[in-house]
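A.B. asks: Following the hints, complete the assembly by docking chain B onto the known chain A.
Spelled out from the first residue to the last, the chains are:
There are 2 protein chains.
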Amino acid sequence: MSRRLVECVPNFSEGRRSEVIEAIVESFRNRAGCTLFDYRADPDHNRLVVSLVGEPEPLAESLLQAAEIAIRHIDMNRHEGAHPRIGALDVIPFTPVQGMTMEECVAFSHDFGKCFHEHTGIPVYFYEESALRPERSRLEVIRKGQYERLKTDVTQAERAPDVGKSALHPTAGATVIGARKFLVAFNVNLKTHDLSVAKQIATTVRASSGGLCAVKGIGVPLEGRGLVQVSMNIVDYEKNALYRVLEMIRFEARRWGIEVAETEIYGMIPARALLESAAYYLQVAGFDPLQVLELKLLDKMGTEGPE
Amino acid sequence: MSRRLVECVPNFSEGRRSEVIEAIVESFRNRAGCTLFDYRADPDHNRLVVSLVGEPEPLAESLLQAAEIAIRHIDMNRHEGAHPRIGALDVIPFTPVQGMTMEECVAFSHDFGKCFHEHTGIPVYFYEESALRPERSRLEVIRKGQYERLKTDVTQAERAPDVGKSALHPTAGATVIGARKFLVAFNVNLKTHDLSVAKQIATTVRASSGGLCAVKGIGVPLEGRGLVQVSMNIVDYEKNALYRVLEMIRFEARRWGIEVAETEIYGMIPARALLESAAYYLQVAGFDPLQVLELKLLDKMGTEGPE
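Protein chains in written order, with the working numbering: chain A, 1 to 307; chain B, 1001 to 1307.
Just chain A, same shape as in the assembly (with noise of 0.2 Å):
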């Protein structure tokens, strides 16, 4: 069986008192099986938003412990930040990365969220792939009106947690979990000064008005380089592959005969979202992911003993 890896990216409500935050990222840090890649804390929002790969369970010993320190250290009733938020521990989305669907990781998700309220006593809202109730696949509606409304609001049946009772934690608010696909934050950059010409892109390639069904996108300048950028998120990289995105944004420019100067990929993106595009256009037949050395070994790691 090959070795099962999430992302995770929790956020937490605080991000002034390095004290607090260094004692939060400390539950992440030398943990077999999990592994922190980085966090930034950000005064303005005062949050803390940490990013992590490991397997399900360390992971989620992780993230029990981190949970521990912020109820300790964290009163909602006291938090300021320019960030909507409702809990010390506001947010945490999973995603899959290796031997694990989908399915499985909402049924993670699940199972964690119903520990997490045993070990903390926080009420939990299920958001994105693994909510309950349709609306709540969207965090703002969850988070309407944040911490200080929901307070009262929570007693309404329509605002009732998906796990606990019907009142939040006194200190530490609610949290929200759940299960959701890698988000590709992708740019094509256009040889005009047009900006008419990137929006009306956007309009086509994006699923909002008729365009590919994974692809949020809007068209913006970009100043001082005489250039226009449709500006992508993808939000399912296996339905919607980049090769596919850019290469209708292409034929769409020619309508104009403007070409595509380059490109940008902002963040994070997952090998096989690249590795797709790359048997694309070099015409590799029956390419098979684990060839790549680096996903092969990130594979046997799990089966082999331990690394």
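Do not rely on the hints blindly, as some may be mistaken.
[To be verified] Listed below are the simulated DMTMM-like cross-link pairs for lysine to aspartate or glutamate, each with C-alpha atoms no more than 20 Å apart in a straight line: (1) Lys1181(B) with Glu1135(B); (2) Lys1300(B) with Glu264(A); (3) Lys1239(B) with Glu1129(B); (4) Lys1296(B) with Glu259(A); (5) Lys1300(B) with Glu26(A); (6) Lys1296(B) with Glu129(A); (7) Lys1300(B) with Glu129(A); (8) Lys1151(B) with Glu1276(B); (9) Lys296(A) with Glu276(A); (10) Lys181(A) with Glu276(A); (11) Lys165(A) with Glu238(A); (12) Lys181(A) with Asp194(A); (13) Lys300(A) with Glu1276(B); (14) Lys296(A) with Glu1276(B); (15) Lys1239(B) with Asp1194(B); (16) Lys300(A) with Glu1135(B); (17) Lys296(A) with Asp1038(B); (18) Lys300(A) with Glu1264(B); (19) Lys114(A) with Glu129(A); (20) Lys1296(B) with Asp38(A); (21) Lys296(A) with Glu1135(B); (22) Lys144(A) with Glu129(A); (23) Lys191(A) with Glu259(A); (24) Lys1165(B) with Asp1236(B).
[As the list claims (entries may be wrong)] If the Cβ cut is set under 8 Å, some of the chain A residues that face chain B in the computed set are: (25) Leu195; (26) Val197; (27) Lys199; (28) Tyr243; (29) Tyr281.
[What the hints assert, rightly or not] The following residues of chain B were derived to be distant from chain A, with all beta-carbon distances above 12 Å: (30) Glu1007; (31) Ser1051; (32) Val1163; (33) Thr1204; (34) Ser1208; (35) Gly1224; (36) Lys1239; (37) Phe1251; (38) Glu1262; (39) Arg1272; (40) Leu1282.
Calculated directly from the structure, the hints in this document are not laboratory data. Bear in mind the structure is a predicted one, so any value in this text is a computation, not a measurement. We put the beta carbon where it would ideally sit given N, CA and C, even for glycine.
C.D. replies: Chain B only, in chain A's frame:
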């Protein structure tokens, strides 16, 4: 500092006795910091080829343990097989995968070669990038006449080992050790029956007849498929990227109005060899391989504690 990873494909002169094969392979199982990919024993060649990836130190330890077992069970005076060989542990090639330059890998191979000789008494020849005499970069020069002839020729100055006295180990012979780049097997299939086209294009792209410096290639027919193939080894994928080799073949084939039907990647390939082509075709500006989730995970695993 980034985690150092080396690929190693040791060749043992035993492909028939399953208990010996299993005893050797056991040295590579369940080791922290070293992962067994696979192994293939060939009875006709009477040879065992093991595929490993690991950090230098645990990799070296597992090789020394396997060498002890090979010495105990393999007598080169009784060895018969179709594959050229000079020793019980015939060849140990190292390939840098991550966190290590070729120069560092050469230094590691030299250190390991000395250590190997001290532990086993087996004389060592350095080949490929680790060769101390230019002609010894080629394995066939070192193995000329095989075990049977080297046993007496070893006393000649030009055939003296690089480490150890001018005498082979009485039963285990000698071992060839060295660092080399990762070899990518890349085939391009063309939509024609005309073998002369594949042969002519192979001549154009390969180094031996003035083409790309890191490409070896021949033209072969694909019987029964109505295609011909330019069958290649890319010996340095950083110098001659896959996309460049493919596009060069594409524009050469255009001379005859012939198209590329598909390509094949045979066996393993390092992620960066495919990411380079993905970034080229997708026109990604400023792409960093550590934006790839799995590569960052492998990179972090060495620095963030146990895995």
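A.B. asks: Could you run down the list of hints and mark each one as holding or not?
C.D. replies: Hints, verified against the model:
1. Lys1181(B) with Glu1135(B): 18 Å, holds
2. Lys1300(B) with Glu264(A): 24 Å, violated
3. Lys1239(B) with Glu1129(B): It holds: about 16 Å lies between the C-alpha atoms, which stays within 20 Å.
4. Lys1296(B) with Glu259(A): Not satisfied, since the Cα-Cα distance of roughly 33 Å exceeds 20 Å.
5. Lys1300(B) with Glu26(A): 16 Å, holds
6. Lys1296(B) with Glu129(A): Roughly 26 Å separates the two Cα atoms, so the pair is violated.
7. Lys1300(B) with Glu129(A): Violated, at about 29 Å.
8. Lys1151(B) with Glu1276(B): Between Lys1151(B) and Glu1276(B) the Cα gap is close to 46 Å, so the pair fails against 20 Å, i.e. violated.
9. Lys296(A) with Glu276(A): 16 Å, holds
10. Lys181(A) with Glu276(A): Holds - the C-alpha atoms of Glu276(A) and Lys181(A) are around 17 Å apart, at most 20 Å.
11. Lys165(A) with Glu238(A): 38 Å, violated
12. Lys181(A) with Asp194(A): 33 Å, violated
13. Lys300(A) with Glu1276(B): With a Cα-Cα distance of about 24 Å, the restraint between Lys300(A) and Glu1276(B) is violated, given a limit of 20 Å.
14. Lys296(A) with Glu1276(B): 19 Å, holds
15. Lys1239(B) with Asp1194(B): 30 Å, violated
16. Lys300(A) with Glu1135(B): Violated, at about 38 Å.
17. Lys296(A) with Asp1038(B): Roughly 11 Å separates the two Cα atoms, so the pair holds.
18. Lys300(A) with Glu1264(B): Since the Cα atoms of Lys300(A) and Glu1264(B) sit roughly 24 Å apart, the hinted pair is violated (cutoff 20 Å).
19. Lys114(A) with Glu129(A): Holds, because 16 Å separates the two Cα atoms, which is no more than 20 Å.
20. Lys1296(B) with Asp38(A): 11 Å, holds
21. Lys296(A) with Glu1135(B): Distance of about 35 Å is beyond 20 Å: violated.
22. Lys144(A) with Glu129(A): Within the cut-off at roughly 19 Å; holds.
23. Lys191(A) with Glu259(A): 6 Å, holds
24. Lys1165(B) with Asp1236(B): 34 Å, violated
25. Leu195: 20 Å, violated
26. Val197: Violated: closest Cβ of chain B sits about 17 Å from Val197(A), beyond 8 Å.
27. Lys199: 21 Å, violated
28. Tyr243: 7 Å, holds
29. Tyr281: 4 Å, holds
30. Glu1007: 7 Å, violated
31. Ser1051: Violated, because the least Cβ-Cβ distance between Ser1051(B) and chain A comes to about 9 Å, which does not exceed 12 Å.
32. Val1163: 29 Å, holds
33. Thr1204: 19 Å, holds
34. Ser1208: The claim holds: Ser1208(B) sits with its nearest Cβ about 24 Å from chain A, beyond 12 Å.
35. Gly1224: The claim stands: Gly1224(B) keeps its Cβ more than 12 Å from every Cβ of chain A (closest is about 16 Å).
36. Lys1239: 17 Å, holds
37. Phe1251: 15 Å, holds
38. Glu1262: 4 Å, violated
39. Arg1272: 9 Å, violated
40. Leu1282: 6 Å, violated
Hint compliance for this structure: hints 2, 4, 6, 7, 8, 11, 12, 13, 15, 16, 18, 21, 24, 25, 26, 27, 30, 31, 38, 39, 40 are not met, and every other hint is.
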